[in-house]
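For the protein sequence lines, the chains are D and S, in the order given. Heads up: the first sequence at position 96 corresponds to 96 in the UniProt record's numbering, and the numbers run straight through without jumps. Heads up: the second sequence at position 39 corresponds to 39 in the UniProt record's numbering, and the numbers run straight through without jumps.
Rather than coming from a laboratory, the hints here were simulated on the basis of the structure. Owing to the predicted nature of the structure, the values given are computational and were not obtained by experimental measurement. Heads up, some of the hints might be wrong.
[Claimed, not checked] Computed footprint of chain S on chain D, listed as stretches where at least three residues anywhere in the stretch have a Cβ under 8 Å from a Cβ of chain S: (1) 23 to 36; (2) 73 to 81.
[Said to hold, decoys possible] Simulated pairs of lysine-lysine, DSS-like, Cα-Cα distance not exceeding 25 Å: (3) S:Lys98 with S:Lys56; (4) D:Lys89 with D:Lys13; (5) S:Lys89 with D:Lys129; (6) D:Lys129 with S:Lys56; (7) S:Lys129 with S:Lys89; (8) D:Lys22 with S:Lys22; (9) D:Lys89 with S:Lys129; (10) S:Lys13 with S:Lys89; (11) D:Lys22 with D:Lys98; (12) D:Lys56 with D:Lys89; (13) D:Lys98 with D:Lys56; (14) D:Lys56 with D:Lys13; (15) D:Lys89 with S:Lys89; (16) S:Lys89 with D:Lys56.
The beta-carbon is built from N, C-alpha and C at its ideal position, and this holds for glycine as well.
Number of protein chains: 2
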Amino acid sequence: MDTQTAAAAGVRKVALMIRGVKVAMLTTTAPDGTLHSRPMATQEAEFDGALWFFTKSGSGKVDEILHDSEVNVSYAAPEDHRYVSVSGKAALVRDRDKIEELWSPVYRPWFAQGLDDPDVALLRVDVRKVAYWDMLAGGMVTMPTEEEADR
Amino acid sequence: MDTQTAAAAGVRKVALMIRGVKVAMLTTTAPDGTLHSRPMATQEAEFDGALWFFTKSGSGKVDEILHDSEVNVSYAAPEDHRYVSVSGKAALVRDRDKIEELWSPVYRPWFAQGLDDPDVALLRVDVRKVAYWDMLAGGMVTMPTEEEADR
Ligand SMILES: Cc1cc2nc3c(=O)[nH]c(=O)nc-3n(C[C@H](O)[C@H](O)[C@H](O)COP(=O)(O)O)c2cc1C
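Let the sequences and hints guide you as you build the complete structure.
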């Protein structure tokens, strides 16, 4: 497999692993060094290389990310023994078109005013490294594989 | 409520919130700054102020913790909309009595030799800060509360 084919296969595999997990835990580092996590509604659209979340632009997690952009997003589907760890860098995105493209009523509980909320924004997590555990894999599988990462 | 009573109530509340969640995600910071998480079997014993996990002393997570002890442990029970974030400091514990006290056959899949595995050790996470979300609380509840933390 060449690098591009491997990368595409990696994206498909991650999409499969996180499919159907409606809530992920997003972990950030606070300025004092402590690690915080919180539940975040996942998007319905299929994973294509970046993860997207809706957030309020004035929230604690945004402050933390502007201070230190390294994050982890974890997915747990205990009923089928599926766990995924995504390491990446998060960025605040206020692009109106993207916000409208990704908006769904599932985010309503946290954004009562919906798209009219002046504080509504997106977090984009650019994926650097993924590890997953499932019944078939048994142990941990990491992507990119050591081989791919060395190229 | 005085500080001690509040702390005891906090411990009971956390015990209640994480009860029955068999797998938690443990997030650590790697030397290159990336955040990694992995599923960890939780202990059956009731939470009494510290979290304990079995680990191999030579594992990647132990290296990461020896380098940076700040960790997050997250618990997700999606079926009843319960999520918990525990921020704390992790330490490697090789105390034989404690290992024997906490050992249970549920850890067997990761320690085939059980207590005879020379590499078996514990991680103790001393809890600093907890946040939880549940249906009753609606939003996020943090402990210690700002008031308690200021004392
Ligand atoms: C099931 C669930 C899903 C959530 N989804 C989101 C979300 O998509 N976006 C969001 O900003 N907050 C969401 N929240 C609330 C966050 O967990 C958190 O309380 C809030 O964003 C403030 O976090 P912060 O102070 O760390 O920024 C959700 C909470 C729960 C319980």
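Given the hinted pair Lys89 (chain S) and Lys129 (chain D), is their Cα-Cα distance within 25 Å?
With Cα atoms ~24 Å apart, Lys89 (chain S) and Lys129 (chain D) stay inside 25 Å; holds.
Given the hint that Lys22 (chain D) pairs with Lys22 (chain S), test it: the Cα-Cα distance must not exceed 25 Å.
holds (19 Å)
Please work out if Lys89 (chain S) and Lys56 (chain D) have their alpha carbons no farther apart than 25 Å.
violated (29 Å)
Straight-line alpha-carbon gap Lys89 (chain D) to Lys89 (chain S), limit 25 Å
holds (23 Å)
Does the alpha-carbon distance linking Lys89 (chain D) and Lys129 (chain S) stay inside the 25 Å limit?
With a Cα-Cα distance of about 24 Å, the restraint between Lys89 (chain D) and Lys129 (chain S) holds, given a limit of 25 Å.
Straight-line Cα separation of Lys98 (chain D) and Lys56 (chain D) no greater than 25 Å?
Holds, because 15 Å separates the two Cα atoms, which is no more than 25 Å.
Keeping to a limit of 25 Å between CA atoms, is the pair of Lys56 (chain D) and Lys13 (chain D) held or broken?
Answer violated: Lys56 (chain D) to Lys13 (chain D) is near 30 Å, above 25 Å.
Check the hint pairing Lys98 (chain S) with Lys56 (chain S) against an upper bound of 25 Å on the C-alpha distance.
Answer holds: Lys98 (chain S) to Lys56 (chain S) is near 15 Å, not above 25 Å.
Apply the coverage criterion to the region 73 to 81 of chain D and chain S: a residue qualifies when its Cβ sits closer than 8 Å to a Cβ of the chain, and three qualifying residues are needed.
holds (count 3)
Could you grab the alpha-carbon distance between Lys56 (chain D) and Lys89 (chain D) and see if it respects the 25 Å cut-off?
holds (18 Å)
Keeping to a limit of 25 Å between CA atoms, is the pair of Lys89 (chain D) and Lys13 (chain D) held or broken?
Holds, at about 20 Å.
The region 23 to 36 of chain D covered by chain S? Criterion: 3 or more residues, Cβ-Cβ distance below 8 Å.
holds (count 8)
The structure is inconsistent with the numbered hints 14, 16, although it conforms to all the rest.
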